[in-house]
Amino acid sequence: MRSRRHTAIAVTALLGLFATTACGAGSADGGGATGGGEIAVAGQFPTESIDPNGALAIDGGTRVASLQLYSPLLETVGPGEFDGKAAESWEINDTATEFTFTLRDGITFSDGSPITGQDVAASFERTVAADSPFSANFVDVGVQATDDTVTFTPAAPDPALLAKLTGVMITPAEATEDSYLDKPVTSGPFTVESFTPGGDLVMVPNDRYWGEKPTLDRVTIRSIPEVAARVTALETGELDIIWGISDDQVTQLNGNTEVQVVSATGSAVTTMWMNASTPALAKAEVRRALWQAVDFDKKIKALYPESGEPADSVIAPTVFGYAPQEPVTYDPDAAKQALVDAGFDFDTTLRFHFSQAQFRQWVKSVVSDLAAIGVKAEALEKEQAVYTEDLLSLNWDINIQQVGTLGLDASYNLGRLYTCAAERTGYCNPELDRMLKLAGTAVDPAERQAAYADATELIWNEAVGMYPMFVKNLFATRASVSGFEPDVEGLPRFDTVSVDE
Amino acid sequence: MTAATGLRVADLTVTYPGPRTSGFRRQSSITAVRGVSLDVAPEETVALVGESGSGKSTIARAIVGLVAPSGGAVEFDGAPLSNRRDRLARRNIAMIFQDPRSALNPRMSAEASIVEAWRAHPEAAPEGVRRDPRRRREAVVDLLAQVGLDPDVAGKRPTALSGGQCQRVSIARALALRPRLLICDEAVSALDVSVQAQVLQLLVRVREARSLSMLFITHDLGVVRQVADRVAVMRRGELVENADAQTLFSAPRHDYTKELLAAAVDLDVSG
Amino acid sequence: MPERARQGSAGTLRVRDLTIALPGPRGMADVVDGVSFDMVEGRTTGLIGESGSGKSLTAMALVGLIPDTGVATGQVLLGEENLLTAGRARIRQIRGAEISVVFQDPSTALNPTMTIGDQVGEILRSRGLSRRQARERAADLLDHVGIPDAAGRVGAYPHEFSGGMRQRAMIALALAGRPRFVLADEPTTALDVTVQARILDLLGRLRDEDNLSMLLVSHDLRVMSHVADDLVVMYAGRVCERGPAKAVLNRPLHPYTDALVRSVPSVRVRSAIADPLPGSPANPFDRPAGCPFHPRCPRAEDRCRTEVPELREIAPGRVSACHFAELAQRTPDTVAEELR
Amino acid sequence: MTAMGLVHDATVPVPVRTGRSRVRRVVGAIPIGIFGLYVVAAVLGPLFVDYSPVGGDLADRLLAPGSVTSDGGTAVFGTDALGRDLFGQVLYGARTSVLIGTLVVLFSGLVGITVGTVAGYRGGTTDLLASRVIDVLLAFPGILLAIVIAGVFDRSLAIVVIALSVTNWIGFARLSRSMAMTLRERDWVKSATVMGVRRGRIIARHILPFIAGPTLALATIEFAGAILAEAALSFLGLGLPSASVSWGQTIASGKEYLASAWWIAAIPGTALAVLVICVGFTGDRLTRHFGRQQ
Amino acid sequence: MLPQLVRRLGLMLFTVWGAVSLTFVILRLAPGDQATVQLGPEATAADVAALRTELGLDRPMFTQYLDYLGGAMTGDFGESYRFRDSAMTIILDRFPATVVLALTATALALTVGLILGILAGRSPGRLADRVISGITLVMQAIPPFWSGIMLILLMALTLRLLPSAGSGDLEHLVLPAVTLAIPFAALIARITRSSVAEVTAEPYIQTARSKGLSERAVLSRHAIRNSVIPVVTMVSLHIGTLMGGAVIVEQVFAWEGVGSLLVSAVGNRDYAIVQGATVLFAIVVVTMNLLADVLNARLDPRIRAGVTS
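Chains as they are written, first to last, in the numbering used here: chain A, 69 to 569; chain B, 65 to 335; chain C, 660 to 999; chain D, 205 to 498; chain E, 80 to 388.
Calculated from the structure, these hints are not laboratory results.
Keep in mind that the hints are not guaranteed to be accurate.
[As the list claims (entries may be wrong)] Derived Cβ-Cβ restraints for the label pairs, each shown as a range:
id, chain 1, residue 1, chain 2, residue 2, range
1, A, SER262, E, LEU240, 25 to 33 Å
2, D, ASP275, A, PRO378, 25 to 33 Å
3, B, THR223, D, VAL243, 27 to 35 Å
4, D, VAL243, C, ASP727, 24 to 32 Å
5, E, VAL104, A, ALA197, 27 to 35 Å
6, E, PRO139, A, SER262, 41 to 49 Å
7, A, GLY279, E, MET152, 46 to 54 Å
Backbone N, C-alpha and C fix where the C-beta goes; we use that ideal spot for every residue, glycine too.
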């Protein structure tokens, strides 16, 4: 199939036939008078795999595709709030060690075969077995299934399991890796018409989807890595929805009446850990002073007027466990004084690691703010693999990343990254460990919420890192597109979109 | 001390590897010289004649070590010249090439070219030239005078000299090492007739003044007639006739020699 | 080769006061200066000189093949028409058809990627012959110049021919347009002696058969003495002597010719190295004042250094540009004696 | 060997020095002059213009050329997305570009000439070995290997120079090899060999001086190529560490502002193109010069 | 002819082997490996070690090399961990797109380059030559990523004539092909120029003129044919350069070819893809060289006869 398509291109090009297809797959009318229509969308990352439970599950492209093509058991609709998708209902025992889901009646895959509890269990097992980034969420979780139920039994109490399970997409039990290379059987609102790994993914509505069916006739997800090309394609109407755009482009697009900008709050927080195991950064006073020395508000206004929002917590407001804190105010003089008082060695050069180009401007401007109070920091842009290796071995003084919370439960973020055992931030505090353990195992949501609030306050005050900004995802759509609404994680959904010509 | 028996080439065979087509193997090789034996006695001038491709130049190259023979032996005064790094042999045998300009490095002055010979063989250099630039210039000028060149030529590069002057510088450089045998590979072929005569005269003069042996390679029988004591005729890599010059010109024995002589036009002033 | 009718009566190409200027290190220089001679029907004119004498350039100027940067003035008269002022189109008409050229090195003067037959027949094709007709004519021509199995070899490429055969093909190519005048520029220099003799024979035979007028450019006096009917001796871009070949060689009326004759290494006697001419040929871009030969001339006097000797008739048909030519005319010639 | 190349008339025209050609020579010298200016700017510029890659006031973001910055200065070339002065970036970028170009050319030239000359002069197994290595490297599109190397190793100037040199030296090697092979057959080399001049000296005195000229011509071309390649790597996000200032990075960072702040990419892009053109022009002249000399 | 062909193929094989080995070494020398990248920053050191064992990355380098070589010989270049498919399948899937782009660009570049080169080369040193050499210098000096984006802005955004980016039909092909062709055309023009200039100085051109042929006939029948021979060689030798350019151009225009695949694979440490793609490029280059030789032999009877001078 795929290769036939390319051969076709080759033949056409070689014959020199000038086909006059109107602007690609763009907003050409699908022909249907009622609803219908086709859209083409693009982000910066290619869709290399459409295996929702494989190694690339949280990869930008794959994740966007999975959301359209597959259904999970349930999905998060707000902090600690869930809606059933494939599951009609669920029950949790008192110790949060047994979760039983009952599936909706008569639901089927795109090929018409029924979705059973066994399918869900197999999907779960694949997630755990594959080198999926989700698998870390499910340590020692047992699963049993009947035709219409599935039961998960974590070895230890795991109140966050519901949130974690929102990431597990339902695929047929017999699905293997190879099933995703061509036209997989899907369980979501869309199904695959054609897919070129790393290239276009063309989706059409899944006729057998039990929920509300998409109004669109066809959605093409393309990969256009160059942002300038992507924006141009939107402006010319070749694309209907784009994402992965920067704030400066939004300014540019705002002048275009045919285009509208949509922003969506996700769970990402700009996180700049300060390595407490570095002697120079061992004191909380020092870390706090450094935080104070950087004018983050100004940076956000200048660099991220659209996508940024000053953060008041370690995790985003959309996440269960969020607790607002007192913002850190910019005061370079106080910062300098605090550093002097703490006996900070101004001769040390702090190694500021980052790996993604998008952080360049930010990092450089942070470095220059630090320089203003006499703190030497060196921006070190690392190759991705090197960055990861250094990160794990704590071979940095300050780093920057966007930390998100999968499933929108703080256990994924705080619970895993801030414990002494994790050795991720360089900070170790038994008190914090205790709070996190409580938050991770308490069955009562209120108790958990309180524990996370304590933990957040500690992390914030101890300045394990700087948490300057909540990150919103930016989308731009053609004015003809309506009903486009990113989900609570800030990811695009196309099942509600319609387009008028 | 070995006897001065001159040059002795015995049963020499030279095989050139064929052009390398690709990679590891070569095309069939070409035998340029096959079983040639030739002597040049002290103070004798032997002309080696033949048409292009007959192998005459290859013999010269084999003697001076520019190509490695695949068979046979080359001796000078009884000492084998098998070792290409045989420094003494390099001193005893000098060679003059066809193209007077390209035989001299265009970036080096005549003096530098000559001094290079002394640098390679300090034992042959006149007293004091290694350290004293003035002595060096004197010695160079002296050599240049011997080949009929003005002192100012010493500082000039080949591009500033005429073809004949270049060939004289080459001869001076060859003489710098006080060789015993001079090999002239088409040394006058590329020169204008009037200059050719000058250089021929010069060669004959230095040969006598320095008691040199000479191996004179040429395709021009007229030139051969002017200088050779003995003539060896080559054809397709083999030696077909080797005789005293007088005899060869008056009574050639081999058919090929006869053909060559017949084809060798002479100035026709009859009628 | 069938006899053909010649149109017009002018069987002579007359070169008058031909001057060619080329850009040199010090601006334009007349590297050929006032050359005059005739190419007469059925005769071979030899143009002889050493490097820098301008002989090849002179020959090429007859068909307008001098470098783009050069300027040729004077007259090259074909009948009454001056070819130097003729238009490009006219020159192209004349090339190959009236005057053709045999170049020095057949291995580079033939297009390596075109068959011999196509190259020989190309001029015929441009005259409207079909491909087949042109091939057949080419085969005839190749046969005519003595190439064995000519019909079978029209499809061969130059590299499949030996040097001598290539030069024969070159000659066939020059004859293809049935020219009346053939310019042969050092046609045998690149060849072996035995082959050289055969090519010279061929050129002589063709000249006689077709009653051609031939200009042979060479540096080789020995070759010249066998082939040329008339001789033009050039030195530093000027004619120094002109006349019937045998007469010129027997009794040179210019010291340069005399020295040349003496310098020729003879197969019979050891003469060349007896009394060589000193110095090197003059640089045409930096020609000495007065008689250009004076720096090397054994007879040079003061007037030679300042006064350019006039080219003038010394005896019937004998022209010389030496101040003392009349003197030489009277002295008995010893050179010819020696040579005999 | 009967080719009497020297006997026939020497009618090689030598260029005339007329008034028109003098004008032409002056015009022809302009690119070399501009190239010189770049070098001067690269070497001396940073001494006079103070620029810090981490400096820049966010209030001065995306100012058009000629605007006045918040500290009262004038941003002749405008500012970038971080409010950094583009003039400084262009000046410091010139230093980086010239440095990279020079290092790559020096490094690959040294390796290439050594390998090429030795292989060409010695021939035989040495040559065979060198040829095979070159074959293998030539099988890779140059930039591709550079992308792989610069992509998988940590960013540094050294890695960029190595990545660009890995295939760059081949040009030098092939040129010097073919020249050495030709020169080896020249009579002056043979006569030196016959005289017993040592091999090292023959290479040094009789071969290398003749390789030098054309190599210099090639070096200018490779210099331009290296600068362009560095820019391409930066564009792909694989170039120098971000702490350094390079045109490629500035262009790459400006690519998303092409429609709104064209100067970020346009000015260093122009600086790059003009430099490459001038270097290319100089290279052309050198090639022609040495081509004539051969 | 046959043994020559066998030798030639052997040499090609050697070159490809060298290419395979070189990429293997480079990738193994690089810091970090597939296991680190695949598991990402979330993983623990134990997870990484386990995956490393699973992938066989903890075995001695030489064993891994032999393994890889063995696979490569049977056409197995390993599985892409990202695509979860045979790397070669993924690459070959993308390959036609790159071929189409490269061929179109080559055709464009040849047309423009040959015309410019012939115009310049037939009168070296004249005005036309100087102007054209200036133009080609500029064409070579403008980085393709820059000209590509500029073309998008101009043709797609301002003039709305062509689509900006994407893969597929002819409309999408135009801009990337033009972008890729610009420096290549300049290169061809320069090679052609010097070749034509060189050939027009050959004696046989003088011979052709002496036949009374018009300048046009001399040029078309004698000069151009012979000048094209070195151009063919150079063009095929520079196919590699073109492929390199394609990597960047594909990235700019989101053309789904091997180039853009490779760039993302390098970033993702998808070794199998990187190795497979480089080997594929190597095979293409080597094949193009062979093709050039065959073509040369067709054009030049001397080469056909094995006469090398």
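THR223/B and VAL243/D, beta-carbon distance inside 27 to 35 Å?
32 Å, holds
CB-CB spacing for LEU240/E and SER262/A relative to the 25 to 33 Å hint:
28 Å, holds
Holds or violated: the 27 to 35 Å window for the beta-carbon distance between VAL104/E and ALA197/A?
33 Å, holds
Just to be sure I understand the hint, the distance between the Cβ atoms of GLY279/A and MET152/E should be within 46 to 54 Å; is that true here?
For MET152/E against GLY279/A, whose Cβ atoms are near 51 Å apart, the range 46 to 54 Å holds.
Should the hint that PRO139/E and SER262/A are 41 to 49 Å apart at their CB atoms be regarded as holding?
43 Å, holds
Return holds or violated for the Cβ distance of ASP275/D and PRO378/A against the range 25 to 33 Å.
26 Å, holds
Take the C-beta atom of VAL243/D and the C-beta atom of ASP727/C, compute their distance, and say whether it sits inside 24 to 32 Å.
Roughly 38 Å apart at Cβ, these two residues miss the hinted range, so it is violated.
Hint compliance for this structure: hint 4 is the single one not met.
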